[in-house]
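S.K.: Given next are the chains, with one letter for each unit.
Number of protein chains: 2
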Amino acid sequence: MNKVKPSLAKGTRDFGPEEMEIREYVINIFKNIFDLFGFRSIQTPSIENIDTLTGNYGDEGDKLIFRILNSGDFLKKSDENDFKESLKLKSKISSKALRYDLTVPLARFVSMNQEKISIPFKRYQIQPVWRADRPQKGRFREFYQCDVDYIGTNSIVCEAEIIDLVYTLFDKLKIYDIDFKLNNRKILQGIAEVNGLSDNFNELCVLIDKIDKIGLEKFEKELIRKDYNSKTVKSITEIFNFNGSNLEKINFIEKVISSSQLGKDGVKEIKKLMDVNDNFTIDFSLARGLSYYTSSIFEVKSNKSNIGSLCGGGRYDNLTENFGLKDMPGIGISFGIERIFELLKEKKDPVLQDGKNKILLSYLDSRYLPNCLVIAKKLRDEGISVDLISDNLKLKKQLKYANKNNIPFVMIVGEDEIKSNSFTFKSMENGKQVKNSIDEIISTMKSLKSNE
Amino acid sequence: MNKVKPSLAKGTRDFGPEEMEIREYVINIFKNIFDLFGFRSIQTPSIENIDTLTGNYGDEGDKLIFRILNSGDFLKKSDENDFKESLKLKSKISSKALRYDLTVPLARFVSMNQEKISIPFKRYQIQPVWRADRPQKGRFREFYQCDVDYIGTNSIVCEAEIIDLVYTLFDKLKIYDIDFKLNNRKILQGIAEVNGLSDNFNELCVLIDKIDKIGLEKFEKELIRKDYNSKTVKSITEIFNFNGSNLEKINFIEKVISSSQLGKDGVKEIKKLMDVNDNFTIDFSLARGLSYYTSSIFEVKSNKSNIGSLCGGGRYDNLTENFGLKDMPGIGISFGIERIFELLKEKKDPVLQDGKNKILLSYLDSRYLPNCLVIAKKLRDEGISVDLISDNLKLKKQLKYANKNNIPFVMIVGEDEIKSNSFTFKSMENGKQVKNSIDEIISTMKSLKSNE
Chain E
266 MNKVKPSLAK GTRDFGPEEM EIREYVINIF KNIFDLFGFR SIQTPSIENI DTLTGNYGDE
326 GDKLIFRILN SGDFLKKSDE NDFKESLKLK SKISSKALRY DLTVPLARFV SMNQEKISIP
386 FKRYQIQPVW RADRPQKGRF REFYQCDVDY IGTNSIVCEA EIIDLVYTLF DKLKIYDIDF
446 KLNNRKILQG IAEVNGLSDN FNELCVLIDK IDKIGLEKFE KELIRKDYNS KTVKSITEIF
506 NFNGSNLEKI NFIEKVISSS QLGKDGVKEI KKLMDVNDNF TIDFSLARGL SYYTSSIFEV
566 KSNKSNIGSL CGGGRYDNLT ENFGLKDMPG IGISFGIERI FELLKEKKDP VLQDGKNKIL
626 LSYLDSRYLP NCLVIAKKLR DEGISVDLIS DNLKLKKQLK YANKNNIPFV MIVGEDEIKS
686 NSFTFKSMEN GKQVKNSIDE IISTMKSLKS NE
Chain R
266 MNKVKPSLAK GTRDFGPEEM EIREYVINIF KNIFDLFGFR SIQTPSIENI DTLTGNYGDE
326 GDKLIFRILN SGDFLKKSDE NDFKESLKLK SKISSKALRY DLTVPLARFV SMNQEKISIP
386 FKRYQIQPVW RADRPQKGRF REFYQCDVDY IGTNSIVCEA EIIDLVYTLF DKLKIYDIDF
446 KLNNRKILQG IAEVNGLSDN FNELCVLIDK IDKIGLEKFE KELIRKDYNS KTVKSITEIF
506 NFNGSNLEKI NFIEKVISSS QLGKDGVKEI KKLMDVNDNF TIDFSLARGL SYYTSSIFEV
566 KSNKSNIGSL CGGGRYDNLT ENFGLKDMPG IGISFGIERI FELLKEKKDP VLQDGKNKIL
626 LSYLDSRYLP NCLVIAKKLR DEGISVDLIS DNLKLKKQLK YANKNNIPFV MIVGEDEIKS
686 NSFTFKSMEN GKQVKNSIDE IISTMKSLKS NE
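These protein sequence lines are chains E and R, in that order.
If you want this note's numbering, it's the position in the first sequence, counting the first as 1, plus 265.
If you want this note's numbering, it's the position in the second sequence, counting the first as 1, plus 265.
Treat the hints as calculated values from the structure; they're not laboratory data.
Here the structure is a predicted model, which is why all the values come from computation and not from measurement.
Watch out, some of these pointers could steer you wrong.
If chains are identical, the list can't say which one is meant, so a pair holds when it fits in one copy or spans any two.
[Stated by the list, open to error] Dumping the calculated DMTMM-like pairs for lysine to aspartate or glutamate here, alpha-carbon to alpha-carbon at most 25 Å:
1. K491 - D464
2. K341 - D398
3. K268 - D582
4. K662 - E503
5. K536 - D656
6. K402 - E380
7. K268 - D630
8. K700 - E503
9. K669 - E468
10. K537 - E485
Chain E on its own, in the form it takes in the complex (with noise of 0.2 Å):
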């Protein structure tokens, strides 16, 4: 064997003990609300044929896929011209790829089992995907999605069940102060279309997503220079400059756009969402850059973190239409689940700590072990959580390891402790320490646990 020196793949990176401790406790909570909502996960294989991912996420996405290099004599399809054409040399000496994102493994698990699943399909997943992207702060090559989709439903049910899903999830990660902004894109085209402007759509689009970011002046400025006569320009700015209820947002748009079939139904849309669920806040700024989005589209920020978007999504008109299958609409939602590990591990909210109900066993001497091995066993059979460490340390060096392990009790057994089952009980939080029997022991614990 050569020695190599350890090291990271480009972009990618090892997750120890302390944070999968914060990455499962989200994403169990993740699994908990989506199954509260009646959501049932899949998940897709790592590796997908190339046909099934390129053509999907544009050019400079297509660029970005990983691909697998074929297995055994990847050069047998090849001869030495192929060297001159590099993309014909590629697909002929690689045939898979890297899963890039969720929606399009989603659109071919719904195409092959259209007579397994039952229609609405209500499924998530949460799974990693990868991108060949120039790795930089907070960008990884390898990284988490989390997506929620119904599909195969046209229902406004499903986003004022949407809107429920988010507030609970992010009640429950203690995420509060946020804000769920929604618009429709037919009423972004009706604003195109009562100025003119249906051919731009897709640039106006571009420009209104800007505004978050530019604020209004500017965006004002960049439709000027983009040659937009002023008239124009007034009554788009104007649009965004309205401020109001959702009531008062709604009726205003209305009038503005009303000589737009497709405007209107945008609106109608939304007042009748407002029917059922209007906890959500009208931006009509909000154009997300998807152009596969027809309906509803929705963002999540937090008023408090400028950490950017935490989750959004909208409603597509067919999901599955490039494998052929046809009239599949949905709706789906994805969450910056790698986004809301970093929030939560920068407020270090002690539920995150690891080994809340632990208890380390230690020893004064090491020929107490298989006394320990008991008293494990013991403590285990009630649901405690122990750690005791195998080999022969000082009890210092034993509690050392407690605190660099997160773990909260020290139990320390001795000869005396045996005989007179009266164990020295510590709390490395606060160093507090008492003397205790198994039983006290197993019901402070258990106490804790129900605490919780």
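Using the hints provided, position chain R relative to the given structure of chain E.
M.R.: Relative to chain E, chain R alone:
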């Protein structure tokens, strides 16, 4: 967009909701038990530098590593001449690869994080690995591994704890009738030594490993075929013919290999373990192929099912040697988690039924959907999972949806029901239905949950 016939990459699988239910149920039990025994979770990236991986799995293993094509201009370091040497070209166009197992990444992790972790380091890891194997029944190119290791300790307490952990785990999974078989490579070396076969040790291990499959008679024939002299053959087969209790076996072997120091060390280790935990069966015919095991080796099989080994592992002298870090002995156990998924799938344990505590809110007419939303919120606030169909479906189709999604209860919402707070509450399992208020339904669901 081009229409694409949807397909899975060779050797990969989708996991739909039913399948995911089993997988997550099992993984949660694993995590809880590992936590109970003080092990902590880590995750390593799916992608590793190629140098980290190759050279660890033998030539055959190296061929099964999935390599990733370099991104961007993947040919920039190559020219047409490389075409004649595909191995050279391969290394120039792919510098990363997919994780092949969890042991090498663990060794890299420990080597890179010596300062952060505390020794002994107790970690578990449950993640997929990828192998470019020829797919066949039960063998996939992407599958989960589940490893538990102690790093940096020689203590026999590890073996004692692992035995307890294994029994606790399979008990929780309701897989009874398991047998924890244990041996020690030093004893096998002793057997080789006293028979003058030290140079043939690896060959001998391979043969011994087969006893389980081919039986002792064929094993004897194999020894003869390999030109072992008749005295040796007799002396070796006698060992594997010996039956008795652990104590009888260990006393027997102690005499047989009394002239081998290494053999005696192995005997001493097993005796020491018997003093603290004798919940295992000594099996001298257990050899375990992997040559890096140096002391205790073990394997667990189900006596009832012939599904093969459920888990296995052993002690190694140095995990991190390859990365230049010395003195990191340890002991590891690897669970055949994919086999365990299959085993439980076959058993159809009712605990595994999805949606055990889930209600489908059905409506007699879709105009009651807004009422359903209010009721759903009430139930979910009490921790009850609720699904409702967003679209206008006839009641019969709603019930069909409940069946297809394994939802055990249906609550029917109509005008009279809302006015009188008395809802039809139907069990989909036995067809029984009662009239209940919302509060009554909540307490029924809660009592079901607490009976779990």
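S.K.: First find the shortest C-alpha distance between K662 and E503 inside one copy, then the shortest across copies, and answer within, between, both or neither for a cut-off of 25 Å.
M.R.: neither (68 Å within a copy, 48 Å between copies)
S.K.: If the cut is 25 Å between Cα atoms, do K402 and E380 qualify within a copy, between copies, both or neither?
M.R.: Classified as between; 23 Å across copies, 44 Å inside a copy.
S.K.: Please sort K536 with D656 into within, between, both or neither, judging by C-alpha distance up to 25 Å.
M.R.: Intra 68 Å, inter 18 Å, cutoff 25 Å: inter-copy only.
S.K.: With identical chains treated as interchangeable, where does the CA-CA distance between K491 and D464 reach 25 Å or less: within a copy, between copies, both, or neither?
M.R.: within (14 Å within a copy, 82 Å between copies)
S.K.: Between copies, within a copy, both or neither: which fits K669 and E468 at Cα up to 25 Å?
M.R.: neither (54 Å within a copy, 44 Å between copies)
S.K.: I want to check one pair: K268 and D630. Are their C-alpha atoms no more than 25 Å apart within a copy, between two copies, both, or neither?
M.R.: neither (38 Å within a copy, 71 Å between copies)
S.K.: At most 25 Å between CA atoms: does that hold for K341 and D398 within a copy, between copies, both, or neither?
M.R.: between (30 Å within a copy, 18 Å between copies)
S.K.: First find the shortest C-alpha distance between K700 and E503 inside one copy, then the shortest across copies, and answer within, between, both or neither for a cut-off of 25 Å.
M.R.: neither (73 Å within a copy, 56 Å between copies)
S.K.: Could you figure out if K537 and E485 sit no more than 25 Å apart (CA to CA) within one copy, between two copies, both or neither?
M.R.: neither (32 Å within a copy, 81 Å between copies)
S.K.: Which holds for K268 with D582 at a C-alpha limit of 25 Å: within a copy, between copies, both or neither?
M.R.: Classified as between; 16 Å across copies, 55 Å inside a copy.
Figure legend: structure checked against the earlier numbered hints; hints not met, in rising order: 4, 7, 8, 9 and 10.
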